[in-house]
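Use the sequences and the hints to build the structure in full.
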Amino acid sequence: MSDLGLSLRLVEALLFAAREPLSPAELARRLPPGTNVPPILAELSTTYAARGFVLAEHGGRWAFHTAPDLAAALVHERVDSRSLGRAALETLAIIAYHEPATRAEIEEIRGVAVSADTLGTLIELGWVRPAGRREAPGRPLEYRTTPEFLRAYDLAHLRDLPGLADLRAAGLLAAEPPAALRPASEPMLPGV
Amino acid sequence: MSDLGLSLRLVEALLFAAREPLSPAELARRLPPGTNVPPILAELSTTYAARGFVLAEHGGRWAFHTAPDLAAALVHERVDSRSLGRAALETLAIIAYHEPATRAEIEEIRGVAVSADTLGTLIELGWVRPAGRREAPGRPLEYRTTPEFLRAYDLAHLRDLPGLADLRAAGLLAAEPPAALRPASEPMLPGV
Amino acid sequence: MSEAEPTPASPPPGTAAAIAAEGLVLRMEGWEGPLERLLDLARTRKIDLARISITHLVDQYLAHVEGEGRPRLEIAAEYLVMAAWVAFLKSASLLPVEPEPEPEPEALAAAAAHRAARLAAMRDAAALLDLRPRLGRERHARGQPEGLAERTRASPGANLQALLAAYGRVRLRSERRGYTPQRRAVVTMAQALAALTAATRGLREWTMLARLIAPAPGTLARSGLASTLAAALELARGARIELRQATAFAPIELRAT
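Note that the protein sequences, when read in sequence, are chains A, B and C.
Residue numbers for the first sequence follow our numbering, so the first one is 1 and each next one is one higher.
Residue numbers for the second sequence follow our numbering, so the first one is 1001 and each next one is one higher.
Residue numbers for the third sequence follow our numbering, so the first one is 2001 and each next one is one higher.
None of these hints come from the bench; they were simulated from the model.
Zero decoy hints are in this set.
A few chain A residues facing chain C, derived, Cβ under 8 Å:
1. Ala18
2. Ala63
3. Leu74
4. Glu90
Covered stretches of chain A (chain C as the covering partner; in silico rule of three or more C-beta atoms under 8 Å from a C-beta of chain C):
5. 93 to 99
6. 108 to 118
Each residue gets a CB set at the ideal place from its N, CA and C atoms; glycine is no exception.
Right, dumping it as structure tokens:
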């Protein structure tokens, strides 16, 4: 490892020292001008793939974290063992799979009212945030997940949510039943 | 790195996640029974010797930290281009319009105390300087703006600052007092 | 939509006459005549409001109010209420009257099944999500990050607009800071009493009060006159001097008792 470039060592050191995940742009700002950051990140994530801690991307930001398979041995280090309640977890899933989602939409899917407390918990965890209003009657708030959510669940992008493509193909993320299930009298939408 | 032993990966992960440096004994307690910790630590410190962060021992405890030779390169000089705070901006404006102005005069016009900090900020920026003392009781310091201030604000002379009537016309002195309370003639600005 | 005629807070009949005298007569395509007549016809559905342009109505209302010179608020308000009612009735007439379609049982069943499937899918998704190694639970961030060192060099942008606004703000604040009465030079009551007591001691002759006031410049002279008169009244009340005045506005004379 003696032939390591200075830039690679610097990127490594920056990611290691940072308290928060860093984007390539943030890294570039702290590196010699002209440094091409993405290949360095790719190389580092390969280098660390099989080690005790790994380098991963979450929503465009990069950070080291301990390898998931070592979880059992690291119980001493557990800092956040709170497990989310069922309501919060379902609400989180609905927002993540549908985002942006309004409270009314969450309630429509869950079939019960969503308490302010449930959304508050998710917002306090930094996993969900209100993100503007929908241009619809009542201008309801829309909720989205955050990069911290992606990091917490080790997802590089929202599209990496488990089963997302299947759910979408099955029409289970749409408010209306798929066309095939609709009565014949209903006019078919082109391209559905 | 596929031949990395589980123990080595665990030591790596434990040291990474630990909030304090760990002794070999503390490490051993969290590892499979019979693990020989010192050779692992030796191997890891060799592995990381030339990287962006190194494994080092201090007083019998081990921790990762940033490679010493990178420390200087990692300090990022950030230009804080936040605009001046309200107090500083108002103080600067008063000095510009009334210079030379003493602290008491600035306070008289602002209606609130002016902290030494506020004046300090302006002096540090090089926009204001103490310029002699007034021959008055207490011999208070007088403040003036500097040529750098004129340059920063792209003014040829202080007299280029708009007068009160101009400010009012530009809507910068928006809420007008009732006509009955206004003096018949606009008070002239000294030195403008 | 309900067929019931909405009952507006219609203008009292008395004011209509007053308005008629002022006269807001609309002249536009589809209607020429007073606004109140238009409203009457609209209420009883004797006119097709679809032909009436609300924009033109508003324009003519504004032109009328502005043309009044000093607009009479109560009249303008009456017109505003009437114009608003015309607008409301027109919007009501434009809304399509749609009978609610009877939901078909198959569609209802499909919707219910879809809803159940969606909920089940989200419950599964939540469970899958929860199985992932979570940061702080199965995965850990660095325990003692040094943090990224930063040295800050302040260089705030120079924004002239902000500087001027700050000065405007300060001036505005000082203008509003309230009225501090100016302290004027006055001859106080105590001074006048002392002076007059000394001047009238042993004064046997009737003497004009004005002669006993020490000459002083400007406002001080007027203040001296007022204070001395008050002092004279005070001394007379204590029977130390006598006061007399022949008629109103005649010189006031005094002497010691």
